[in-house]
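*Asks:* Chains A and B, in that order, give the protein sequences.
Going by our numbering, 241 is the number at position 241 of the first sequence; the sequence numbering is gapless.
Throughout, our numbering is defined as the position within the second sequence, counted from one, plus 1000.
If you are wondering where the hints come from, they were derived from the structure by calculation, not from laboratory data.
Honestly, I wouldn't trust all of these hints.
Straight line, CA to CA, 30 Å or less: simulated DSS-like cross-link-like pairs of lysine-lysine [said to hold, decoys possible]:
| hint | chain 1 | residue 1 | chain 2 | residue 2 |
| --- | --- | --- | --- | --- |
| 1 | B | 1201 | A | 161 |
| 2 | A | 502 | B | 1201 |
| 3 | A | 66 | B | 1159 |
| 4 | A | 66 | B | 1201 |
| 5 | B | 1185 | A | 521 |
| 6 | B | 1159 | A | 189 |
| 7 | A | 519 | B | 1185 |
| 8 | A | 412 | A | 193 |
| 9 | A | 27 | B | 1201 |
| 10 | A | 344 | A | 281 |
| 11 | A | 161 | B | 1185 |
| 12 | B | 1076 | A | 66 |
| 13 | A | 521 | B | 1159 |
Derived CB-CB ranges, DEER-like [what the hints assert, rightly or not]:
| hint | chain 1 | residue 1 | chain 2 | residue 2 | range |
| --- | --- | --- | --- | --- | --- |
| 14 | A | 508 | B | 1123 | 29 to 37 Å |
| 15 | A | 491 | B | 1182 | 43 to 51 Å |
| 16 | A | 265 | B | 1183 | 40 to 48 Å |
| 17 | A | 460 | B | 1120 | 55 to 63 Å |
| 18 | A | 486 | B | 1187 | 31 to 39 Å |
| 19 | B | 1173 | A | 491 | 26 to 34 Å |
| 20 | B | 1187 | A | 494 | 40 to 48 Å |
| 21 | A | 302 | B | 1172 | 41 to 49 Å |
| 22 | B | 1123 | A | 489 | 35 to 43 Å |
| 23 | B | 1207 | A | 208 | 54 to 62 Å |
| 24 | B | 1098 | A | 177 | 31 to 39 Å |
| 25 | B | 1187 | A | 218 | 57 to 65 Å |
| 26 | A | 509 | B | 1097 | 26 to 34 Å |
| 27 | B | 1172 | A | 491 | 34 to 42 Å |
Each residue gets a CB set at the ideal place from its N, CA and C atoms; glycine is no exception.
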Amino acid sequence: MQSEIKNIVIVGGGTAGWITAGLIAAKHTKNQPSCSTVSVTVIESPNVPTIGVGEGTWPSIRETLKKIGISEADLFSCCDASFKQASKFIDWQQSPLNNNNTSHSYFHPFSLPQGTDQFNLGTVIGTLAAAENNTSSFAQQVCYQSILCEQNLAPKQITSKAYDYIANYGYHFDASKFSLLLKEHCINKLNVKYVSAHIVMVNNGEDGDISSVSTKSYGDIKGDLFIDCSGAQSLLLGKHFGIPFCSKKSVLFNDTALAVQVPYENQDSPIASCTLSTAQKSGWIWNIGLQSRCGVGYVYSSQHTSDNLAESELEQYLNSLNTTNKKAELSVRKLSFNPGYYEKFWHRNCVAVGMSAGFIEPLEASALAMIEQAALMISEQLPVTKSSMAITAKRFNEKFIQHWQQIIEFLKLHYVLSKRDDSDYWLDNREPSSIPESLQEMLELWQHQAPSSYDISHNNPLFPAASYQYVLYGMLFNTVPVRKNNDHDELIKQALAEIQQKRQHLSRVMESNRILINKIKQYGLATI
Amino acid sequence: MANHVLLNSIEHKNLKINGERSEAMGDNVWYAQTFPMEFRSAQAHYPILFQKDSNTGQFMPVTLFGFQNEDNLFLKEGGWDATYIPLALQRLPFYIGQKNVENEGITEQERVITLDLDSPKVNTEQGIDLFLEYGGNSDYLEHMANVLESLHVGLQDNKDFVEALTTCELLESVTLDIELNDGSKNQLIGFYAINEDNLNKLSPDNLTRLHNAGFLQAIYMVIASQVNIHDLVARKNSQIAIAS
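So here's chain A without its partners, still in its complex pose (with noise of 0.2 Å):
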């Protein structure tokens, strides 16, 4: 067989490099004959720090996790991790300011509307007139799992199984410990060769594919296939290869945010199940609770808004957090990017993963739940030899352009939807000439009928129609069908009686996030 692909280097460590480098190994290196056995290096430089994007995850990664093999109450001990049901948005529909000052806020939870084969309560309920719909919100109307949001409560019991729910989650995390656990399971479980050496020099072979890379203390490491997971350097894919880079700042404005950690007032206090998202006058806030500490951060487009004036917003809202007494010591990072994605991701043989295809702000927490599509694609599509590796690139190219395109689309529509109008940063953000063209199509559509999956061109698609509705009624917009359906009228209201029910139960027996997760790292958590 002609040039065979055995030897896959992955530049980078991170956690885009360990997810490819896991993901990989635990499908070709392990119980595998030796002839056949893919081998896979991870290089990563010591003087590069990881910069920990996006401490949220989706439902994807225990998936992940459990095809690499970590144990979901390692998880917990390692990486100061807690679970994400859900994100919660607040004040993006209106400024407080402009409403009496009270807050409106919704959620986009993990769990789905509950449906059957007839009917989507998603749809029901969206395309009920606003005035017979002002009781409570959509989500709580069409699905279980916000109430355990409202009430900090875990999605799953002591009982379940490692990584199985009651609501469905994912996690917060501490990215550089979540990067170490995987490091370590890498090397020490799945035979992945770590090499600790800085890049000086990438050199071509004769058919101008990758043929090795040149480090400072670890000579030439050759490979046949190259995965750059060097973060947004794009050490391979951008800068040796000179792809092209297209930016989507004319559609989401966001290009700098300053972080903060905040510690809790005490070792009991709760902690939130979902992402805080809460909009400013030039961005917004996220809030990730983890059990040590909040991640904080106010992300924002600096085309609207000084830093110094955006770390004051941040300090007013560390103010109305009720931790005053240690604010003092919190040191604020500054981080700049550049939104968008480049315009191919796998180039000869070399691809790209994580920050090193693109970066976008973390609205929806994207960027892990992207790699993770990524490498399981490598992985599960791992061209054996050369000549069928251009196929594959293809398709692999062909698919990420189309994710990248649905997450812009899907994150300018939390924008699009606002009534906010305090300051010239959301009224440009509904500036039609910065609306992709698809998107204003099917707010088109939605002026009549509920976002269905007939929305969506692609298989597999990274946000099913159920976020749509999830976002789009929780930011109240009014979709007014012309013809009406009463076909189920009995079963819907048994339905939604039933979620109503199963709300209040869940809120009896479910247990507190921080409750379960002391004693996940007591006892444990039985895999069957």
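Chain A is already provided as a structure; the job is to place chain B on it using the hints.
*Replies:* Relative to chain A, chain B alone:
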């Protein structure tokens, strides 16, 4: 609700324990915790399965008396219909409590007998005296102290036993499909049993380890006890027949 108090011969001088086994006396439980040293006696009458402790998620062996909450198929008109009652029930309404005692300036924990005053078994009219006329322990109370002690010692084995089972992957989740004479089909979920495939594949090292710990015999007792599920089904069928 339970109301546990430290037992003492002054306040509780006149108390009697009603020894009747019945629903009215609160005996209508459908399973009870057990432990390896009790398996020999228990397996003769009851299926032994494993369940997760709802508070810690840890596995614990239980003897099964029925198929649903508050349905104990061993409770009959004349009492408990088996010659052996598991210690976890025999001991009712007594429990083991912890008390801090000062011993030459050092605080130590001492095990003490507590009593659930709210148990319907506790009264002043009917049953067996706890104390003798001048405050000494009755034989019955001495017996109960022994039961509690055996239970305490026995339950301590469970942690090691369960850990040995999970390490060797000897537990598996089971769903019991039970079809009754009235045609109803029922499923019993949330229980675990010995994974016999994995047991038969155990390495000599692991076998020796289990044997030396005294757990190998216990494992086979658990397997042997499964046959009692048929007895339990028969009891359920006759309960249905009587009711209809």
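*Asks:* Indicate, hint by hint, whether the structure satisfies it.
*Replies:* Verification of the hints:
1. 1201(B) / 161(A): 24 Å, holds
2. 502(A) / 1201(B): It is violated: about 43 Å lies between the C-alpha atoms, which goes past 30 Å.
3. 66(A) / 1159(B): With a Cα-Cα distance of about 26 Å, the restraint between residue 66(A) and residue 1159(B) holds, given a limit of 30 Å.
4. 66(A) / 1201(B): OK: residue 66(A) and residue 1201(B) at ~25 Å, within 30 Å.
5. 1185(B) / 521(A): 39 Å, violated
6. 1159(B) / 189(A): This hinted pair holds, its Cα atoms lying about 28 Å apart.
7. 519(A) / 1185(B): 36 Å, violated
8. 412(A) / 193(A): At roughly 41 Å apart (the allowed maximum being 30 Å), residue 193(A) and residue 412(A) break the hint.
9. 27(A) / 1201(B): Answer holds: residue 27(A) to residue 1201(B) is near 26 Å, not above 30 Å.
10. 344(A) / 281(A): 34 Å, violated
11. 161(A) / 1185(B): 26 Å, holds
12. 1076(B) / 66(A): Status violated; Cα separation ~49 Å.
13. 521(A) / 1159(B): 17 Å, holds
14. 508(A) / 1123(B): 29 to 37 Å: 33 Å, holds
15. 491(A) / 1182(B): 43 to 51 Å: This hint is violated: roughly 30 Å between Cβ atoms.
16. 265(A) / 1183(B): 40 to 48 Å: 59 Å, violated
17. 460(A) / 1120(B): 55 to 63 Å: Check passed, 59 Å falls within 55 to 63 Å.
18. 486(A) / 1187(B): 31 to 39 Å: 36 Å, holds
19. 1173(B) / 491(A): 26 to 34 Å: 33 Å, holds
20. 1187(B) / 494(A): 40 to 48 Å: This hint is violated: roughly 24 Å between Cβ atoms.
21. 302(A) / 1172(B): 41 to 49 Å: 58 Å, violated
22. 1123(B) / 489(A): 35 to 43 Å: At 57 Å between Cβs, range violated.
23. 1207(B) / 208(A): 54 to 62 Å: Taking Cβ atoms as reference, residue 1207(B) and residue 208(A) lie about 60 Å apart, which means the hint holds.
24. 1098(B) / 177(A): 31 to 39 Å: 37 Å, holds
25. 1187(B) / 218(A): 57 to 65 Å: 59 Å, holds
26. 509(A) / 1097(B): 26 to 34 Å: 28 Å, holds
27. 1172(B) / 491(A): 34 to 42 Å: Roughly 38 Å apart at Cβ, these two residues keep to the hinted range, so it holds.
The structure does not agree with the numbered hints 2, 5, 7, 8, 10, 12, 15, 16, 20, 21, 22 stated previously, though it agrees with the rest.
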